[in-house]
Structures are given as structure tokens and as C-alpha cells.
Amino acid sequence: MMRALPWIYLLVAFVFIYLPVAALVLFSFQSGTLPVPPFNGPSLQWYGEILSDDDLMAALRNSVAVAFGSSAAAVILGFFAAYGLARYVLPGSALIRGILIAPLTVSYLIVGLGLLIVLTRSGFVLSLLTAAIGHVVINLPLAFAIIYASMGSQQQNAERAARDLGAGEVQVIWLVTVPILLPSIAAAFFLSVTLSWDEFIIAFLLTRFDVSLPVEIWSLLRSGLSPRLNAIGSFVFLISITVVLFLEIFVFRRNRQ
Amino acid sequence: MNHAKQRIMGWGFVAPALLWTMAFFVLPFVVMGAMSLATMKGRTLIWDLSLANYLELAEKAYLWRAIVVSLEITLTVTLVSIILAYPLAWIIAFRVPKHWQRLALLLSILPFWTSYVVRSYAWLLVLAREGMVNNTLISLGLIGDPITIANTRFATVTGFVHFFVMLLTLTIYANLVQLSPNYRRAAMDLGANALQTFRHVILPLTLPGVVTGAFLTFVLCIGDYVTPQILGGNTELTVPQVIMVQLGRRADFPLASALAIVLMGIVSLAYIASARWLKLDRL
Chain A
1 MMRALPWIYL
11 LVAFVFIYLP
21 VAALVLFSFQ
31 SGTLPVPPFN
41 GPSLQWYGEI
51 LSDDDLMAAL
61 RNSVAVAFGS
71 SAAAVILGFF
81 AAYGLARYVL
91 PGSALIRGIL
101 IAPLTVSYLI
111 VGLGLLIVLT
121 RSGFVLSLLT
131 AAIGHVVINL
141 PLAFAIIYAS
151 MGSQQQNAER
161 AARDLGAGEV
171 QVIWLVTVPI
181 LLPSIAAAFF
191 LSVTLSWDEF
201 IIAFLLTRFD
211 VSLPVEIWSL
221 LRSGLSPRLN
231 AIGSFVFLIS
241 ITVVLFLEIF
251 VFRRNRQ
Chain B
1001 MNHAKQRIMG
1011 WGFVAPALLW
1021 TMAFFVLPFV
1031 VMGAMSLATM
1041 KGRTLIWDLS
1051 LANYLELAEK
1061 AYLWRAIVVS
1071 LEITLTVTLV
1081 SIILAYPLAW
1091 IIAFRVPKHW
1101 QRLALLLSIL
1111 PFWTSYVVRS
1121 YAWLLVLARE
1131 GMVNNTLISL
1141 GLIGDPITIA
1151 NTRFATVTGF
1161 VHFFVMLLTL
1171 TIYANLVQLS
1181 PNYRRAAMDL
1191 GANALQTFRH
1201 VILPLTLPGV
1211 VTGAFLTFVL
1221 CIGDYVTPQI
1231 LGGNTELTVP
1241 QVIMVQLGRR
1251 ADFPLASALA
1261 IVLMGIVSLA
1271 YIASARWLKL
1281 DRL
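Protein chains in written order, with the working numbering: chain A, 1 to 257; chain B, 1001 to 1283.
Same shape as in the complex, but just chain A (with noise of 0.2 angstroms):
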């Protein structure tokens, strides 16, 4: 009994984890109009119909188009960031990493508030642009941390090699130093789009005509419970574990080799 225990717990433990999700994705394909007991089906009726659904499939382009573009820029601005203050000694280089760091301490609401006032007040129109703004300013501080902390003094070496032999600056950084960082880099860049795909308040307040995937899906939710939205919510689930296990196989496990 002692011995079993533990496998129990295990087993308990799973179903807690997986109840929402089974009960997400098995009625999904309920055919009828309640995603509850009983079970009838199963039916393709609603992912045919958020296919084709044009706002839906408007908001899930926005939602890719503001995590990459997002991403892109707090990798860029990061890697530029680190690199800086990993090569060059700088006055109060301490006060600025802490600076950089800052907005991972801070709720998102309150990040989002506080450009909010600020961005309509100097007259800017909130947009997809606008809440790219702000996913850049929480991804920003993760992409500076993770690059950071994977510029050692090996690449330093190769840099000054490189420098020796005649390179530029700009060779240095982009014949060198982005090759060898590139796992960290690519692993910074991912994560950003993860977070930045699904965050809901930041895009909430800061869009309003064009919205993302998270804030249709919000407004959709008003209307009750719907086999529709189970069908958008596996949806989304299957393009997150998808990348995530690719990343898993293709980026992480050659990191570790």
C-alpha cells in the first residue's frame, strides 16, 4: 500500500492537470450547441466554422504579425544591450542592467496602465503597434537576461581574434559573436513569441479596432460557454505544443549536446 502511494498521488495529480484540457478538447467535437455532458459526436462542424471565420482568423495574423515583430526588436535591442555591457566598461553599469531588468518585477496590468496613460496622452493611436510597444517592453528584460548570461570571455576571445585579423566592428558582431550566440539568441526569440502571442491584458488595453487572438477570444467569452471556443482553444493549444516540442527536439536538445 506505502509502496503504491506515490503512483497514486502521481495519478491523481494528472488527472488535476488534464481535466480542463480533455474536457477543452473532447467537446470541441461535441455536435450540438452546449460543450457539456453528454458527449455527442464526434463533429468537425466547429473547427470548419472558425476557419472560416474571417475576424478570428484576422486576430490569429495579428497575433503572429505583433510576436514576431515584437520579438524581433526586444531580441535585437537585447542582444545590442548585452553586448554592450558585457564588452565595454561603462560608468554605472550596474544601475543600467538593473534598469533593463526592471519591468520583469512589475505586473503586466501595471505596465499596461501606465503606457496606456502615457501613449494616449502624447497622442498616439492605439494599435497593434501600440500593444507591440508594450509586449517589446516586457520582452525586453528576458531577451537582455538570457544573452547576458551566455556571453562569456571564450567569445571574447574569438572577437579578439577576429580584430587581430583585421575585422571591423560590425564584422566582429555578425561574422562572430550572433553565430556563436545563436542558440541563446534563438532560444530568447522564442520565448519572447510565446509570451508575446498569448498575453491578454497589455494587448487588451493597448488595442482597440484590430485586436489579437487572446482579446477576440475575450470578447468571444461574454457569449457563454460554446463548443466554438473549445474548437479556437485546442486550436491555439495544438500550435503551442507544436512549437514548443520542436523547439524541444531541434533547439534545446542540440544546446545540451
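Think of the hints as simulated: they come from the structure by calculation, not from any bench.
Backbone N, C-alpha and C define an ideal beta-carbon position, used for all residues, glycine too.
Just so you know, not all the hints are guaranteed correct.
[Stated by the list, open to error] Stretch-level coverage of chain A by chain B, calculated; a stretch enters the list once three of its residues show a Cβ under 8 angstroms from a Cβ in chain B:
#, region
1, 21 to 31
2, 78 to 86
3, 111 to 118
4, 223 to 232
Given the coordinates of chain A, work out where chain B should sit on it, guided by the hints.
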């Protein structure tokens, strides 16, 4: 390159990120702080540098209540999540064969990647009056009529705990596998039973990791709007919900800013309380 030129180059690399953070994080934050000292007279904003918003927090019961509700929910969630996640991390680290550990860990955090908004909705499916839990209980004959689980604090806490158990399992597992097995062997050799080994050896050694995870849970939980809004119904409001009400219906930015500052104050207090054990760089 001479020294001055070196320094200019360095600043050139750091400047874009620094300016971005100053313009879109530090400045908004300062403006928000100033805004919390302004007041609304009807629809117009008056910059009168008063503490009226903060006094209102103490005077108006619904504002004060929101702070208490937020704290109660967050503390419950943090405590329950640790109590549930610790054994799970333990079992994966010490009972599951080495070869399967990575898979077990991956499986136990896979639902993490359901969309944030969708995850709360999925719990609604489980907990609703016609949902899976009520349906199962009725067909087992345990209850006659469906019971109300959704739109309660219990539902909010359940949704939160689900999310944070996954997060904490990951951080506690990372801590447990770092421990040398020699500590356990030494404790056993000295005659400690399993419970004593845990109580006097393993727990103290993993405490920094647990506290770090708990702090992260506290910060993310107390600042979240989505979960209580979807699962908690509108019977009681948390601070983020009240902030959103101020922004939406009333456009009372000063009061919303004051609440945001209070939220940050609470997080800072939590930081000070746990700073002794915190290892944020190890995350």
C-alpha cells in the same frame, strides 16, 4: 581605440535598449505615480497633488475589501500550490526512473501552453452547473441537484492552483535534482527515518527554491485579472478587477493608478519578507 572612444561605442550599443525602457517603462511609471496624486472632478482631471485617492482606499469599504480579497486569494493559492506541487516534484525526482523523468516533467507542464484566457474558460467547462464535475456527481448519485462551483472564490482558487502547481513543480523539481544523494544517505546512516530526513535535511536545503517559486506565484497571482474575472463571477472583486472597472466604466485613471501603486507596494513587502531566501538569478 582610446578610452573615450571605447566608452562612446559602449554607450552606442546600450543606448537603444536603455532609451526604450526609459521611454516606455520608467516614464509611464513616473507618470502613473503622479497620476495617483491627481483627482477626477466629474469628467475632468485635476492635478492637485492630493492624497485623496489613497484616503479613499481606507474610507470606501469596497476598495479596502478588494485588497483583503486579493491577499486572501493569493496567500491561499500560494500555500495550496506549494503543498500540492512539492510531493509531485518529489515523486518525479526520486520515484520515477531517471530515463522517464524528462518525459514525466514535460507531461506535467504541457497544459501550461494552453492559451491563458482559454485555460480559465476550460475550468468553467469543468465546474459549471451543467459541467463535468456536477454531471459526474449526479450520475454517481452523490448529489441530487447541481451545486454551484463556478463563479465562486473556490473556482478562482482552483484555476490559479492548476496553473501554479505546474510552475512550482518545475522549479521545485529543478531544486531537488540538484541535491547530492549523499545528503539523504548520510541522514539515513545517522538513523533518521524518511520523515526526519525530509524535515531536517531536504526541506531546509530546498527552501530557497520553494520561496523563490512562492514569490513568483504571489506576484503573478495578485496581479492577475483574467482568472478571477472568468471564474470568480462578480460576487467579490480583486484589486486588478477594481482597476479595470475604474478604467472602463468610469475612466478614473487617478484611482486606478493609486490602486496599481498599492499593488506594487504589496509586492515589495512580499519581496522584503522573502528576500532572505530569494535566489532570483537561479530561475
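We went through each hint and held it up to the structure:
{"no.": "1", "hint": "21 to 31", "result": "holds (count 4)"}
{"no.": "2", "hint": "78 to 86", "result": "holds (count 6)"}
{"no.": "3", "hint": "111 to 118", "result": "holds (count 7)"}
{"no.": "4", "hint": "223 to 232", "result": "holds (count 4)"}
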